[in-house]
Every structure is written in C-alpha cells, then in structure tokens.
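Novice: So the protein sequences, as listed, match chains A and B.
According to my numbering, the stretch in the first sequence is residues 1 to 330, in order.
According to my numbering, the stretch in the second sequence is residues 331 to 619, in order.
These are calculated hints, taken from the structure and not from any lab test.
Be aware that one or more of the hints could be misleading.
A partial selection of chain A residues facing chain B, derived with a Cβ cut-off under 10 Å [unchecked claim]:
1. Gly60
2. Ile67
3. Ala291
4. Met300
5. Leu301
No residue lacks a Cβ here, since even glycine has one placed at the ideal position from N, Cα and C.
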Amino acid sequence: MSAFAVERATRASRIAAAAAALVLAAAVSLPWWSDAGTMRLAVEFFCFLVMAQMWNLLAGYGGLVSIGQQAYLGLGGYALFALANQAGVNPFLCVPLAGVFCALVALPVAKLVFRLRGGYFAIGTWAVAEVFRLLLANVSMFGGGSGFSLRAMAAIPRATREPLGYAFALAAAVAAIAVVYALLRSRPGLALSAIRDSETAAASQGVDVAFTKHWVYVVSAAGFGVVGALYYMNILRISPNAAFDVSWTAYVIFIVVIGGIGSIEGPILGTVIYFVLRETLSGFGAGYLIALGAIAVVTMLYFPGGLWGAISAKFDLHLFPVRRWLRKRA
Amino acid sequence: MFLEWTNTVLQGVLLGGLYGLFAMGLSLIWGVMRLVNIAHGDFILLAAYVALVFGQVAGLHPLAALPLVAIAMAALGYALQRAVLNRTLGKGLLPPLLVTFGLSVVVQNLLLQGFSADSQALRAEALTTASLRLGESIAIGWFPLGVFLVALAMGLGLQLLFSRTAFGRVLRATSDDPETVQLVGVDHKRTYALAMAIAFALMAAAGVFLGMRTSFTPTDGPANLLFAFEAVVIGGLGSFWGTFAGGVILGVAQTAGFRLDPGWGLLVGHFVFLGVLLFRPEGLFPKTR
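Use the sequences and the hints to build the structure in full.
Specialist: Take a look at the structure:
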C-alpha cells in the first residue's frame with residue numbers, strides 16, 4: 001500500500017451535497033406550495049442556470065468565448081414551435097428534440113467558426129447568430145419578422161402544462177450541473193481542465209485539443225437548444241428579434257464573470273446574484289445595464305476568478321470538487 | 331437593366347469605403363496588440379453622438395467638428411488603453427474580450443440614457459444630397475465619393491505610417507515581440523496606448539461619416555462591429571489594403587442583396603463572409619507579416 005492517497009471529495013463537498021439534496025427537495029415540491037408567478041420566475045431562473053453552466057463549460061473550460069450562443073437558444077425555440085405546430089409533436093417531447101437538433105446544427109457550424117481564433121471566434125459566432133435571425137425573419141411559414149404563437153400548447157390545460165414545464169426546467173438545471181460535474185471529474189474533463197490552464201502544454205501531453213473543443217461546443221449548443229424550447233414554452237410566442245437577441249448571451253456572460261468563471265459553483269452563484277439584482281434594480285432600465293456591465297468589467301480586471309474564485313481561494317472551499325488531492329496517509 | 335446594376339455596384343463600392351474605414355481601426359489594434367475590441371462599433375457611435383453634441387451646442391458643421399471629435403476620441407482611446415485595457419493584456423484570452431464586451435454594453439446604455447432610443451442624424455444639408463449625374467440611371471453622390479476617397483487616403487496613410495516612419499517601426503517591433511522591444515528602450519504599454527489613440531481617431535471619422543450618411547440610434551453599435559469584422563476577415567488579416575478591399579466587397583454584396591430583396595441585403599453580406607471563411611479562411615488578400 002502506498003503512503004499517499006488520492007482524495008476527490010472534501011468535508012465541505014459532503015456537507016454541500018446534503019444541502020443540495022435539501023434545496024432540491026424544496027424545488028421539487030414547489031408546485032404544491034407556490035403560485036404560478038413564482039413558478040414562472042423559477043423556470044426563468046433554471047433557464048439562466050443551464051445557460052450559465054453551458055457557457056462556462058465553453059468559455060471557462062474550453063477557452064471558447066462565444067457571443068453567439070443565442071443562435072442555439074433561438075433555434076431551439078423555433079424547433080419547438082415548428083415541431084409542435086407544424087408536425088403535431090407533443091411539445092414536451094420537443095424539448096429534448098430541440099437539444100438534439102441544435103447539436104446537429106452545431107456540428108457543421110463548428111467547422112466554420114473554428115477557423116477563427118480568440119476574439120475573432122467570438123465575433124464570428126455572433127455573425128452566425130445574425131445569419132439565423134435574418135434567415136428565420138424571411139420564413140413566412142413562421143410569421144417572418146413578427147414571429148408566431150405556440151398554438152399546440154392550447155390543447156394542454158394550464159393546470160397540467162405549468163407544473164410540467166416547471167418540472168422539465170428543474171430537470172434540465174439538475175441535469176446540466178450533473179453533466180458538467182460528471183464530465184469534469186472524468187478523463188475527458190481532465191483534458192478540458194488541462195486545455196483551460198494551457199493549450200500548448202495540454203497538447204504536448206497528448207490531449208486532442210481540436211476534438212475536445214468540438215464536443216464542448218456541441219454539448220453547449222444542445223444545452224442552449226433545450227433552454228430555448230423550455231423558455232419559449234413558457235412565453236408561448238417567439239420572434240426572431242427576441243429569440244436571437246445578443247442580450248441573452250450578454251446576461252449569461254455577466255452571470256458567469258461575476259459569479260466566477262472556470263468553476264461549477266461560480267455560475268450558480270452568478271445566477272442567484274443576477275436574479276436578486278434584476279428583481280430589485282430592473283426598474284432603472286439602462287442604468288441597471290450600465291451597472292451590470294461596469295461590475296463585470298471591474299470583476300474581470302481585479303477578481304478574474306469572480307466572486308466564487310475569491311471565496312474559494314480565501315477559505316479553500318470546494319463544493320463541487322473536480323480536482324484530485326494527494327494526501328499522505330496517517 | 332445593365333445600367334441599374336452598374337449603379338447598384340457603384341453605390342456598393344462607395345458604401346464599402348465607409349465599411350473599410352470602420353474596419354481599419356479594428357485591423358490596426360489587432361495588428362499591434364492582438365486585441366479584439368468588442369466595443370468597436372459602440373465607440374464609433376459614441377463619436378457620432380459627440381459630433382451631434384458639438385453641432386447642438388456650438389452649431390458646428392459635422393465636418394468642422396470632425397477634428398475636435400477625432401482629438402477627443404483619440405484622448406479617450408489613449409486613456410482607455412492606459413487605465414483599463416493594458417491591465418488585461420498578457421493574462422490570456424478571456425480578460426480583454428470580456429472587458430471590451432462589458433464596455434460595449436456600458437457605452438451602448440450610456441448613449442441610451444443620454445440620448446434616448448430616438449434616431450438621430452448629423453445634418454449637413456446640401457453636402458450630403460448633391461450628386462454627380464453620369465447618365466440616366468447612374469448618379470454618384472459627392473459625399474459618398476468623398477468618404478470613399480478619404481477612407482482610401484487613410485488606408486494609404488496607415489500603410490505609410492507602418493512602413494516608412496520611425497514610429498511605424500516601433501509599432502511593428504512591438505507587435506512582433508513586446509518583450510524584446512523593452513530591451514531597446516521601447517515602452518510597449520505606451521506604444522499600445524498610442525496605437526489605440528490612432529484607432530480611435532479613425533473610428534471618430536467613421537462615426538461622423540456614418541452619422542452624415544444615415545440616421546443612427548444607440549443600439550446600432552453591434553451591427554457596425556459585425557460589418558467591420560466581416561470586412562477584416564474577407565480582406566485577410568494584416569493588410570490595410572486587404573481590409574479596405576474587404577469593406578468594398580461587403581458593401582457591394584449588401585447593396586446588391588438589398589436590390590434583389592429588401593429582406594436579403596444584410597444576409598447576402600453575411601453569406602459572402604461565410605463563403606470566404608469556408609473557402610479561403612486566410613482572406614482574399616492576405617499578407618503574411
């Protein structure tokens with residue numbers, strides 16, 4: 001027996017797992033003790049949580065800063081509306097299908113945008129999102145620029161569709177965190193963390209950098225597609241300008257940057273902060289966005305690890321440990 | 331029919347001159363410090379609003395205000411690079427991108443706060459409507475022609491600045507190796523700030539010309555950024571002539587698209603960009619530095 005042991009959990013992470021189970025129980029029971037308004041807000045919260053995890057996977061781990069993830073949010077929403085209205089597919093079945101559809105679209109798009117590096121990759125993804133927006137604005141079957149409504153949803157009574165939509169959103173949020181957590185603790189996740197720290201060093205250790213970045217991009221697209229379907233199922237009406245708005249990605253970037261990029265806890269913390277700020281300050285309109293942008297700039301300049309990075313460094317706290325610690329046996 | 335299309339292409343070429351001017355600032359700072367300024371389009375709009383204020387407060391003609399706007403923007407660019415952007419360099423990919431993205435949102439919303447979402451225009455009556463008739467269906471506006479020539483001259487000026495002057499040598503050396511230039515007494519951070527000042531002066535011209543050409547709102551910034559970026563990619567990184575040519579190609583594609591169907595104008599421009607990316611990712615007129 002060797003004198004050292006590899007540890008993968010911390011005391012904090014075991015306590016956090018218990019706390020997470022309690023929060024999850026409360027979230028699962030929410031439809032029984034709260035009203036429709038709270039449920040709608042919760043659906044939105046879960047949507048942003050999934051997007052934040054997916055964008056963080058892409059940028060925080062893959063080093064791929066995309067400003068065009070709204071492309072997949074919009075495509076996911078449109079996939080839901082087209083499948084449910086035109087093909088008569090059950091809207092709830094469309095949610096996973098929207099994710100699959102976006103993953104399929106992301107495969108060829110990745111080939112194209114991966115020809116651009118760094119900052120130009122960021123603007124390139126944005127240009128692609130614009131292309132999808134303009135294309136859908138030209139499809140008269142989908143109502144062109146003014147969009148169309150989810151008629152298929154009218155067949156399902158409100159008392160069924162609201163709790164069910166909530167359950168799907170909750171499941172998506174739990175799945176997103178679970179997938180990212182499991183991924184990062186696995187062998188491919190080790191490759192991804194290595195790429196985050198140094199692309200050159202990772203490549204020299206035999207990591208297939210291009211392949212890893214490709215699947216991260218595809219997984220992230222699928223996540224945004226699912227969110228698009230979930231979100232617009234709640235709204236019941238979609239239009240190109242709203243669904244392909246860059247503000248979606250902007251909010252998600254602020255959430256991840258302020259919460260802490262390159263960790264699982266950061267996006268969760270960021271989403272909570274974002275909703276608290278939004279619910280208290282959104283009355284200030286442009287001033288609220290100025291404040292949000294300024295906070296993100298200051299965070300990036302002085303606390304590049306975000307709020308969670310600062311907390312984690314100070315207290316050596318890891319609620320979702322993805323590292324391996326080498327400890328001497330007693 | 332032929333003459334009408336000739337006219338369309340001519341208008342596209344002239345519009346492309348403006349896009350070339352949009353793209354030059356982006357191309358310049360990429361070339362010198364490998365920085366992509368996501369707020370590029372919003373700062374171009376800021377310049378247009380500064381000219382608007384000069385017009386409203388001092389009654390200045392937009393062209394008379396242009397030198398003042400250029401000086402103000404250059405000072406802003408210098409200060410921004412010194413106080414903010416220099417801190418983000420050398421720390422990997424994320425900080426410069428995310429900081430300029432945050433700045434983009436801040437600038438856009440400051441403009442919304444200050445000037446509302448109403449569209450504005452820089453008034454220069456006779457100058458912007460006069461045109462040179464070349465037959466029945468072809469007319470070239472004096473103003474777009476002037477913008478085209480100014481953009482061309484600025485491209486030439488940048489090329490000369492880089493290839494013929496001592497400061498251009500410092501810029502190229504800093505671009506090649508920011509560590510080694512410090513050994514021969516170059517302050518690389520100051521060089522970056524000066525490059526940003528030049529880029530901002532170019533953006534000031536782009537903003538004022540844009541405002542004289544069409545009406546504008548605070549939310550137009552991202553579109554300007556995308557056009558500038560597409561011009562750079564179409565032309566190929568690292569050459570001012572390529573960037574200018576990329577702008578012209580984008581302008582022609584958009585104008586031709588608009589002529590086919592008003593819903594397609596911007597799409598055709600984007601498709602040309604995607605086509606170049608697919609078939610010639612190094613751009614049409616690349617220059618290996």
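Novice: Less than 10 Å between beta-carbons is the criterion; does isoleucine 67(A) satisfy it with respect to chain B?
Specialist: With Cβ-Cβ at 7 Å, under 10 Å, it holds.
Novice: Classify the hint on leucine 301(A) as holds or violated, based on whether any CB of chain B lies nearer than 10 Å to its CB.
Specialist: Interface hint status for leucine 301(A): holds (6 Å vs cutoff 10 Å).
Novice: The hint names glycine 60(A) as touching chain B; please verify it with the least Cβ-Cβ distance against 10 Å.
Specialist: Interface hint status for glycine 60(A): holds (8 Å vs cutoff 10 Å).
Novice: Just to be careful: measuring from the Cβ of methionine 300(A) to every Cβ in chain B, is the smallest value less than 10 Å?
Specialist: 5 Å, holds
Novice: Taking 10 Å as the limit, does the beta-carbon of alanine 291(A) come near enough to a beta-carbon in chain B?
Specialist: 9 Å, holds
The earlier numbered hints are all upheld by this structure, with none contradicted.
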